[in-house]
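Here is what each chain is made of, one letter per residue.
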Amino acid sequence: MVGRKREWATLVRRLKSAFRGTSCKFIVLLGAYGIGKSFTLEKLYSRFKQNEIEEFKGTLVVRTTITGAPIRAMDSEPKPKFGLDFVTRLFFNIGLDQLQQIAKKVKIDDVPNINQNIRIIFNKLKAGDEECFSILTGEVASARDIKSFGLKSGIKDSSTALRYLFDFQRILKASGYDNFLVMLDEFEYVISTLGEKKITHVLNTFKEVFDQFSLSEGREPGRMTKIVFLFASSPGGWERLIRLVKTSEKKTGGGGIAPFYDRINSLDFITLAPFSLEDTKELIKSRLDIHRANKPPDPFFPFTNESIELIHELGERVPRKILEYCDILLEEAAEQGLKRITAMDAKKILEKFRLYPQKARTSEGK
Amino acid sequence: MEIPIPAVKLKPDMILKILQIMVKHEDDSDIMRSQIVLSYRNKSSRIDEPSEKNILRAVTFPSLRKLGLIEGEGKEIKLTPNARNLLRVYKLRGMPGYKRKLSKLIYVTDKKNGQILHTLGDLKKKNGGIIPKDVFLSELKRKYKLKTEIDERILKDRMKRWFLYLFFVSFVNYANSNIQLNDVQVNACLKENLIKISKKKFVKTLIQEYNYLKNREKGLTYVPIPMLRDAVCKCFEKEGMMNEDFYEYLRSIERETKDYTILFSQPMLREEGGMFINERYFYYVSIYSKKGD
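Here the protein sequences line up with chains B and F, keeping their order.
For the first sequence, counting from 1, position 185 maps to 185 in the numbering used here; every step adds exactly one.
Counting the second sequence from 1 gives a position; the numbering used here is that position plus 366.
Just chain F, with the same shape it has in the complex:
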């Protein structure tokens, strides 16, 4: 049975360091990898050193990918706007700012995978503010329709790891065997991370960046959505636009106006970084101007 809680094996306090390594050695995949392995081993409390394969392919990259911080495979792995945003915020506002930004990422990841915060919220209302751990576990088992012992073991393992993240950004606390959900923290995170960009400005930037990208190769009209996303997020770096903000804006704008038409197209094979619209997955975008035609 599928358990939708994110399988993130990397501890949250290691994310920042790893992102810093990745951005420093962006152009050299081999050095980047060796530095990640070194950093991980320095922090690891295991007696037997974890292997490079385990560190990179089992722990680090899958976790970062799940959080929307990296995309691509092998030597093509690169940081997403989410990752760059986190690094930028850390540089400007230190750990408090970084954690606030990370909290939004964790909120969004949770919403897309498992909705633990939502479940905790429901239970909090039902149980008068207290959420016993066993009640929470039972609720998850019921929600995910888990029946076997193996499923339960996987659930507990995933929960334990995911709770490290929720705890790291103060979404939850523990009090004896009870879980405390910090609604105030969750709401503050959403409020703080609202970006203030008008749709008009977004559309203008979108078209500007699209026109630039489509001219990068002859005959191109279709631009990969993640490529356009990275370019637009870079333009709105100061405002702190993240991946999800970009997708939300893109979904919300008019597909056809008197000035342009936007067409989303599906990929041949499933590719990372696209987006779902009405349950269909799109990877390319093309924008057709109606002016001066």
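Just chain B, same shape as in the assembly:
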């Protein structure tokens, strides 16, 4: 992964520590828009799937079904019952195949202290019945349909949903998974679009999951898979969370959002830094390499060193903007038949698109 050696090392280290530990974890990945949070989560997910890191084996990772990206913390239309929505989405994103594989590894009837309904569902999954997957994802809701599966009730509220999740953690443990990593991108939307009460409810849901594991470990050690949450957020979202924590502490003397926040270890924050010039060069080179048929002697061709410096400066050292400017310059250069993209060419093209500010400080002056 271009330019993220230190952050990657820290992230892997914190995850390893979390997986070795005896309690759930909240890990936070912070970064400005376009700095590479989602990309980092994507890369992490793919490393898990490829079993590239020894300590990551035995960990279930949640993914969406379309792109393989981590699930968004917030859907575009927030559901009224967060716990219910969250758990059903988790099951949806784990997917039918994976759930069946998990079920096949376990003698479901031997897993102690789980709800009869979930026992029925997982036995059916084990037997190849795909339709009961829709109970877990919340797609089946009518009493008749639920009865047809031999169940007493479906997942109808947040409280039931969380019980299903906790029972699933027991089944997961029995199947050999010690850890369950849940990656939640764009966490700032939870903080910025909801009112304080709703935010408190959402965060307390996570806190409840966190605490349930500790409770279970206290009573029956080694019976539940541990969940590690990795939240990716913009600085604005996190700053707002801290302000809400302070406000809620004043109002409630320690209740509200504070208990969630208090469960995050100071070491479990990873911030993505802006790119250095070397990082920018590496990024541009790696992107050009993807599309080249043959590698030219100059790995940055058609850009010059000066035009790269200009892109680095104007892109504010943020990968998304750097790539955006590169794309524009390459397309326009092709249109204009330019053989090289010098700093002057870049300036003219970006001016045409009003992306070159009047008073920009650029490397041209150096």
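Errors might be hidden in some of the hints.
Claimed, not checked - Which stretches of chain B does chain F cover? Using the computed rule of at least three CB atoms under 8 Å from a CB of chain F, they are:
(1) 27-33
(2) 234-242
As the list claims (entries may be wrong) - Straight-line Cα separation of at most 30 Å, BS3-like style, residue types lysine-lysine; simulated pairs:
(3) B:285 <-> F:570
(4) F:432 <-> B:246
(5) B:197 <-> F:657
(6) F:419 <-> B:246
(7) B:5 <-> F:584
(8) F:390 <-> B:246
(9) F:478 <-> F:444
(10) F:419 <-> F:566
(11) B:321 <-> F:580
(12) F:584 <-> B:246
(13) B:16 <-> F:584
(14) B:5 <-> F:507
Said to hold, decoys possible - Calculated Cβ distances over 10 Å to all of chain B for the following chain F residues:
(15) 405
(16) 499
(17) 516
Derived by calculation from the structure, the hints in this document are not laboratory data.
The beta-carbon is built from N, C-alpha and C at its ideal position, and this holds for glycine as well.
Start from chain B and add chain F according to the hints.
Structure of chain F alone, referenced to chain B:
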């Protein structure tokens, strides 16, 4: 049509008193508000007493906000470094010093909103030193593309109020129906208020205060710009650093050196106290050291 002249309803001679009340009762929003209302009513010449809502929400706070003297909403309203600077200068140098400091604030506010002084300067050159009021009004109507009677009424009202400020700090005088621009006063204000802090010293203080602020909460790397501004301006209180000085310095320093990289980030929602760089609005700053990494 948007009329960019600042809508400041508060009379300039009331600013000092109100700032003194605010700093005295900073920790008690309710007392602060009641004292402001009392002070305002004592000075008001209206027969019917203005309401508390009118005094605070229609007159005082919007005017102070426009002048960059307060930030925040409701009980979170607080004085900015500009306000603290004014109070400090008044304490040390009395009304003359206070007015000189205020003049810079008014100059900067004028520059950002409407550029009345600039327009007066142009007209002065064109008209051989004399600026008839009606000529000035016509020029503003043309400049702001005003067409309706309502717009003209608003313009006159805003001008009348803003001119009280320009008059208060002696930027303008009246002679019959003509406006006199005191260039000398304007230039003196700029010269007097130049602060002498080296960029090196500014950067050192900036990084020092940033490091302190980011450690105030676990995991924080991004610090709100107004928070850092207040901390740095406090360090340079003796030199009289104001909000705008801080923003100018921050815009002018290198974003990347062999020792550090500075990243500005945008807010989720528009928040007060950030700054524009190349027409983009930023609210957070993060500084990454390259030493010992």
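Hints and how they fare:
{"no.": "1", "hint": "27-33", "in the structure": "holds (count 4)"}
{"no.": "2", "hint": "234-242", "in the structure": "holds (count 8)"}
{"no.": "3", "hint": "B:285 <-> F:570", "in the structure": "violated (35 Å)"}
{"no.": "4", "hint": "F:432 <-> B:246", "in the structure": "holds (28 Å)"}
{"no.": "5", "hint": "B:197 <-> F:657", "in the structure": "violated (43 Å)"}
{"no.": "6", "hint": "F:419 <-> B:246", "in the structure": "holds (28 Å)"}
{"no.": "7", "hint": "B:5 <-> F:584", "in the structure": "holds (22 Å)"}
{"no.": "8", "hint": "F:390 <-> B:246", "in the structure": "holds (24 Å)"}
{"no.": "9", "hint": "F:478 <-> F:444", "in the structure": "holds (22 Å)"}
{"no.": "10", "hint": "F:419 <-> F:566", "in the structure": "violated (46 Å)"}
{"no.": "11", "hint": "B:321 <-> F:580", "in the structure": "holds (26 Å)"}
{"no.": "12", "hint": "F:584 <-> B:246", "in the structure": "holds (13 Å)"}
{"no.": "13", "hint": "B:16 <-> F:584", "in the structure": "holds (21 Å)"}
{"no.": "14", "hint": "B:5 <-> F:507", "in the structure": "violated (59 Å)"}
{"no.": "15", "hint": "405", "in the structure": "holds (29 Å)"}
{"no.": "16", "hint": "499", "in the structure": "holds (34 Å)"}
{"no.": "17", "hint": "516", "in the structure": "holds (34 Å)"}
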